[in-house]
Every structure is written in structure tokens, then in C-alpha cells.
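*Asks:* Residue numbers (our numbering), protein chains in the order written: chain R, 1 to 227; chain L, 1 to 329.
Please note that a few of the clues may not be correct.
[What the hints assert, rightly or not] Think about it this way: if two alpha-carbon atoms lie no more than 30 Å apart in a straight line, the pair counts; the simulated BS3-like pairs of lysine-lysine are:
no., chain 1, residue 1, chain 2, residue 2
1, L, 257, R, 143
2, L, 97, R, 143
3, L, 26, L, 42
[To be verified] Computed footprint of chain R on chain L, listed as stretches where at least three residues anywhere in the stretch have a Cβ under 8 Å from a Cβ of chain R:
no., segment
4, 50-58
5, 100-107
6, 135-142
7, 233-247
8, 288-295
[Said to hold, decoys possible] Calculated from the model, a selection of chain L residues having no Cβ within reach of chain R, i.e. all distances over 10 Å:
no., residue
9, 5
10, 21
11, 24
12, 34
13, 80
14, 90
15, 124
16, 185
17, 219
18, 228
19, 321
Don't read these hints as lab results, they were simulated from the structure.
A quick note: this is a predicted structure, and the numbers were derived from the prediction, not measured.
Heads up, the beta-carbon is just placed ideally off N, CA and C, and yes, glycines get one too.
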Amino acid sequence: MDGIGPFDPTVGYPPGPAIREIGPDGSKIPLWKPLHMSRRAFLRGVVCSGTVIAGSAYLFSTATAARADARAVERMLRLTVNGRTHTVDVPPNETLAFTIRYRLGLTGTKIGCNSAECGACNVMVGGMTVYSCSTLTHRVRDKEITTVEGIARPDGTLHPVQQAFIDELAPQCGFCTPGMVVSAVALLNVNPKPTIEEARLALSGNLCRCGAYDHYLRGVMTAAERV
Amino acid sequence: MDVMHNFELYQPGSIADAQAILADVKDAWIIAGGKDSLDWFKERVKQPSALVDITGIAELHGIAAGDDGGLWIGATTTLTEVAEDGAVRDKFPMLAKAASLVASPQIRHLGTIGGNVSQDTRCLYYRDGFPCYRAGGNTCYANTPTAMNREHTLYEASRCVAVTPSDTAPVLVALEAVMLIQRGGAKVEVAADDFFIGPDIDITRMTVLQRGDILLGIRVPGTWAGSHQYFEKAADRASWDFPLVNIAMAARTEGGKITAASMVCGAVQCTPRRLSDVESLIVGEAPGADLEGLVKRVAARGARPLTFNQFKKPLMENLAVRAVRSLAV
Ligand SMILES: Cc1cc2nc3c(=O)[nH]c(=O)nc-3n(C[C@H](O)[C@H](O)[C@H](O)COP(=O)(O)OP(=O)(O)OC[C@H]3O[C@@H](n4cnc5c(N)ncnc54)[C@H](O)[C@@H]3O)c2cc1C
Ligand code: FES
Ligand code: FES
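Please model the entire structure based on the sequences and the hints provided.
*Replies:* Below, the structure is given as C-alpha cells:
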């Protein structure tokens with residue numbers, strides 16, 4: 001099994017056809033190898049076409065049988081993300097980060113530690129920041145979810161926080177940036193004129209491995225002057 | 001740290017429904033904020049076949065005034081709600097403070113106070129799935145000459161040397177809170193002091209909660225409402241970090257003398273540790289340098305550090321001193 005992540009014997013992977021395809025020369029090629037595509041475009045393609053990628057059993061837990069117990073949750077649920085309501089088929093053990101990235105194709109939300117420690121997966125649920133990697137999707141059914149894609153105006157105008165982050169050269173590698181943006185916007189939504197200490201606290205759940213904290217903080221303060 | 005195993009998820013709307021599921025599925029696991037639980041599942045150390053999400057049960061949520069001047073805090077009330085609630089801040093400021101110092105904003109927004117007091121220990125060996133005593137094995141990996149045990153216990157080690165990781169637990173013990181538990185058809189009240197249990201009582205759990213029990217909430221009596229309160233947490237980092245030692249003190253003074261005191265220390269033992277020696281020492285005395293000197297001498301009496309956690313002893317002493325110093329204004 002050469003899919004994404006290590007082979008996991010406890011997961012019942014679907015057999016061959018779903019995960020491999022016969023190449024023109026008769027050889028088997030793994031479907032998931034994005035040869036001439038950016039990772040992002042590839043992911044989007046996969047999500048939109050509904051293609052099953054190798055290792056998708058691993059990601060999506062297709063092994064779950066129909067509910068054994070009628071009292072347990074239904075897999076189909078409605079999720080309102082960035083103002084759009086989606087009906088999605090989500091197994092009970094899926095985290096919101098997975099649903100957002102791999103079912104809805106919103107890859108702005110990152111997965112860093114996958115254990116509630118870094119903030120790369122930060123999104124707003126009902127206006128409050130949460131770690132989507134450590135939240136079951138079923139837990140936030142019927143709630144308003146905002147990811148980094150929902151921060152700018154529909155016409156593309158950046159939110160003052162995003163503009164200020166650019167102006168203050170906040171991101172270095174940028175991996176923590178979506179999470180930082182979401183935390184900063186959530187703060188300014190409820191407290192448009194924060195003190196630097198309040199801003200520091202609001203960002204305290206977001207790690208930046210590049211250590212650009214002061215730049216982000218300056219960004220928040222600059223944005224606060226502009227909103 | 002990866003994708004979780006397959007499980008059924010239940011989201012009951014009533015305590016009776018939750019109990020019915022817990023009775024039917026023997027290994028069902030209660031989940032509230034999930035901030036402690038999901039890590040276990042991602043590591044595949046624990047793999048319950050069903051999860052019972054209790055956050056849809058209305059009765060378990062919210063903060064209400066008690067008739068004795070205290071407060072009722074439902075188990076699924078989030079740490080953010082506890083930290084920001086006006087009545088909590090007014091009557092029990094150290095509870096609000098402790099809640100506000102747990103982990104990070106995102107964890108507090110979903111993590112509940114019920115989960116915070118019921119959470120399992122953070123011993124790295126145990127969390128990583130080592131087959132230690134607590135996990136049902138027959139050795140302790142943390143108590144060997146070369147083991148990493150700077151976060152471990154100073155007191156009452158009994159095969160296991162893990163400590164209580166909770167920031168709210170010592171506060172609730174100091175405030176003489178009472179835990180209300182639904183056990184079968186009965187509602188059981190347990191003093192916070194007895195709710196937390198050490199390895200000598202049961203090495204496989206941290207609280208009296210048994211399979212099937214639901215913690216309904218916490219009643220904080222009016223006893224210490226409006227008293228002078230002090231909470232301090234010493235950790236490696238200001239955000240996201242479990243306490244190395246934390247201290248909670250409620251006290252009353254009159255005419256410059258301390259008339260009553262309740263002081264409890266966390267993360268130095270498997271359960272929150274009441275500093276009875278300090279309490280009996282300071283009652284009747286005036287805060288000041290003399291008293292602080294004495295407090296420093298008794299605060300960590302009897303501590304038996306392991307290889308790498310000796311720093312916890314002076315840390316504990318100094319925190320106790322600082323708590324007493326806060327009375328001298
Ligand atoms: C990165 C990180 C840092 C952290 N830092 C801190 C810290 O500094 N201080 C601190 O105190 N904690 C800390 N924690 C722990 C976490 O914040 C708390 O454990 C949190 O309050 C747990 O609440 P929860 O509702 O998410 O728990 P859950 O995971 O939902 O539940 C925890 C446990 O309690 C049981 N449980 C929950 N509610 C009930 C109930 N009503 N009845 C019966 N059983 C119940 C569950 O079955 C489970 O075993 C940290 C956690 C992480 C991941
Ligand atoms: S990926 Fe969710 S907190 Fe790190
Ligand atoms: S900019 Fe690189 S992690 Fe923050």
C-alpha cells in the first residue's frame with residue numbers, strides 16, 4: 001500500500017480497482033501521483049471529481065459499515081462553511097480539518113500537528129476560534145464555520161488583517177498564516193481596538209515555527225487602526 | 001498522531017438516552033470538548049467502539065447561582081465560559097483565572113470544565129502507550145534512574161508516579177466544591193477532595209468516575225465566595241502548557257490576621273494536594289516576612305522527588321510563599 005501515510009492494518013482498505021488504474025502500457029499506476037499538477041490543484045481536482053485516491057480509505061475511513069445502531073449519528077450532514085451550506089457524507093471519526101480540506105477542497109486551512117498544539121488548522125465556529133484538527137465534524141453540524149477562504153470579501157478585497165499582514169511582512173514561510181489570520185479576525189470582530197496584550201493573548205494559540213510573532217502582532221495592531 | 005479508528009458516534013439529547021447507550025455499549029467513551037480524548041484515539045492507544053457526545057444535553061450546560069451564595073457549573077460549560085462568567089469572576093476569581101490559564105484560547109473554547117477535572121494524566125510514557133502499571137502492565141517507565149520524570153510526582157507515589165495535570169482541580173478542591181455524578185438511577189455527591197483518587201486506590205483511573213457514570217456538574221458552595229483568592233501556575237511556557245506546579249488559595253483576614261485559609265497545590269501528586277501544614281500554620285497569624293519564612297519551611301515537607309523533578313520542591317515552596325504574600329496588602 002503506497003498511499004498517503006503509513007499502512008494501517010486496522011483499516012479495511014478497499015481492494016485494487018478503486019485505488020489503482022491500468023496505465024496505457026498496461027502497467028499499474030497509482031492514481032494519486034500528481035505528476036504535472038501543483039499539489040493544490042491536484043487536491044482540488046480530486047475533491048471536486050470525487051475520485052478516490054490511494055490511501056483514501058485511510059483518510060476517509062470508508063471502511064465504516066452502515067450504522068449498526070439507529071441511535072448513532074447519520075453520516076450525511078449539513079455544514080455551513082463561509083456562508084455556503086454543503087451536504088456532505090462524513091464518517092463519525094472524521095475531524096473538521098479533514099472535511100474542510102479533503103471534502104470541501106478548502107485547503108487554506110492547514111494541518112500541522114494534528115493534535116491541538118499548533119493552530120495551523122484554526123477556523124471559526126460560531127465566531128469562536130477552534131482547532132479543526134481536534135474537533136469532530138459531527139460536533140459542529142448546523143454551526144456557522146468560517147475558514148481563511150471566507151475572510152476576504154467576495155470581490156477579492158482583502159480583509160484589513162490580511163492587508164496589514166502583507167504590509168507588515170508578517171508571514172515568513174506562511175504555513176501558520178491562515179491560522180493567524182483567523183485568530184486576528186476573530187479578535188477584531190469582538191474587540192476592534194485591542195491592546196497589544198489582548199492581541200498577544202488572542203494569538204497565543206497559534207505557533208509560528210518561523211518565529212514571526214512580533215510581525216503578526218504589529219499586523220494586528222495596524223489592522224485595528226484601519227478597521 | 002494520525003487518523004482515528006472507526007467508531008460509532010452518539011449525540012443523545014437527554015441524560016436518560018446517554019445512560020441507555022452507555023449501558024448497551026460496554027466500552028462507550030464519553031466525550032465533551034474532546035481535547036483530551038481525541039489525542040488518545042489519534043495515537044490509537046485507546047480505541048473505544050463508540051463515543052457518546054454529551055454536549056447536546058441541555059441540563060449539563062451553564063452556570064447558575066446557588067441558594068447558599070455559591071454557584072452551580074454544568075459539566076459541559078466550556079473553560080472560556082467559566083473564565084468569562086461575571087458571577088464566577090465576582091465570587092470565585094481564582095476559578096476564572098485558572099480556567100483562563102488552561103492551554104490556549106482554542107482549547108478553552110471547546111474544552112469543558114467537566115473534561116478538565118476528568119482528564120487523564122499526561123505522563124508521557126503512559127500517553128505514548130507504554131504498558132505501564134496505569135495501563136494494566138507491571139512496571140513504571142517514568143520511575144527509573146534515566147527516565148524523563150521532571151513533570152512527575154513529589155508525593156504518594158504508589159507504583160505510578162504520574163500527577164494530576166488539571167488547572168481547575170486544585171481550585172475546586174480549595175473552594176470545597178462538590179461533584180454531582182449520575183450513577184445509574186441515583187445522583188451521587190462527591191466532595192472534590194474525594195473525587196480525585198491516587199494510584200493506591202485505583203491505579204487505572206484518576207477520579208472516582210466509573211464506567212457509565214456521568215459527571216453532571218460542580219457545585220461550588222458559598223463558603224469561600226468573595227474571599228481573598230490566589231491562583232498561580234508555573235509552566236515551561238505561558239501558553240499551551242500544563243502546570244509544573246500550580247497553587248490555589250482562598251483565605252479570609254480580619255484586623256490584619258488570617259482567620260481562615262484553604263490552600264491546595266496541583267501537579268505534585270496524583271491528586272490535588274491540600275497543604276494542611278501551611279493552612280494550620282498561617283491561621284491566626286499576620287502575613288509578613290516572618291510568616292513567609294515559616295511557610296517556606298513547611299510547604300513542601302515530606303516531598304520525595306524523583307531524579308529530574310527536584311526543582312518542584314522549591315517551586316512549590318515559593319508558590320506557597322507568594323500566595324501568603326498576596327495577603328499582605
Ligand atoms: C495542547 C494541550 C494543552 C493543554 N493544556 C492544559 C493545561 O494547561 N491545563 C489543563 O488543566 N489542561 C490542559 N489540557 C487538557 C485539556 O484542556 C483539558 O483536558 C480539557 O478541559 C478537557 O476538556 P474536554 O471537554 O475537551 O475533555 P474530553 O476529552 O471531552 O474529556 C476528557 C475526559 O473526561 C471524560 N469526561 C468529560 N466530561 C465528562 C462527564 N460530564 N462525565 C463523565 N466523564 C466525562 C471523558 O470521558 C474523557 O475521558 C491541554 C490539552 C491539550 C491538547
Ligand atoms: S493542526 Fe490543529 S492545532 Fe496543529
Ligand atoms: S511564518 Fe512560517 S510558521 Fe509562521
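*Asks:* Each hint should be assessed against the structure and marked as holding or not.
*Replies:* Results for each hint:
1. L:257 x R:143: violated (53 Å)
2. L:97 x R:143: Roughly 28 Å between the alpha carbons, so the hint for residue 97 of chain L and residue 143 of chain R holds.
3. L:26 x L:42: holds (21 Å)
4. 50-58: Contact hint for the segment 50-58 of chain L vs chain R: holds, 4 residues under 8 Å.
5. 100-107: holds (count 5)
6. 135-142: violated (count 0)
7. 233-247: holds (count 3)
8. 288-295: violated (count 0)
9. 5: violated (6 Å)
10. 21: Per Cβ check, residue 21 of chain L is inside 10 Å of chain R; nearest 6 Å; violated.
11. 24: violated (8 Å)
12. 34: Given that some Cβ of chain R is not farther than 10 Å from that of residue 34 of chain L, nearest at about 6 Å, it is violated.
13. 80: The claim is violated: residue 80 of chain L sits with its nearest Cβ about 7 Å from chain R, within 10 Å.
14. 90: Correct as stated: the minimum Cβ-Cβ distance to chain R is 21 Å, above 10 Å.
15. 124: holds (13 Å)
16. 185: holds (20 Å)
17. 219: holds (27 Å)
18. 228: holds (25 Å)
19. 321: Answer for residue 321 of chain L: holds, closest chain R Cβ roughly 27 Å.
The earlier numbered hints that this structure contradicts are 1, 6, 8, 9, 10, 11, 12, 13.
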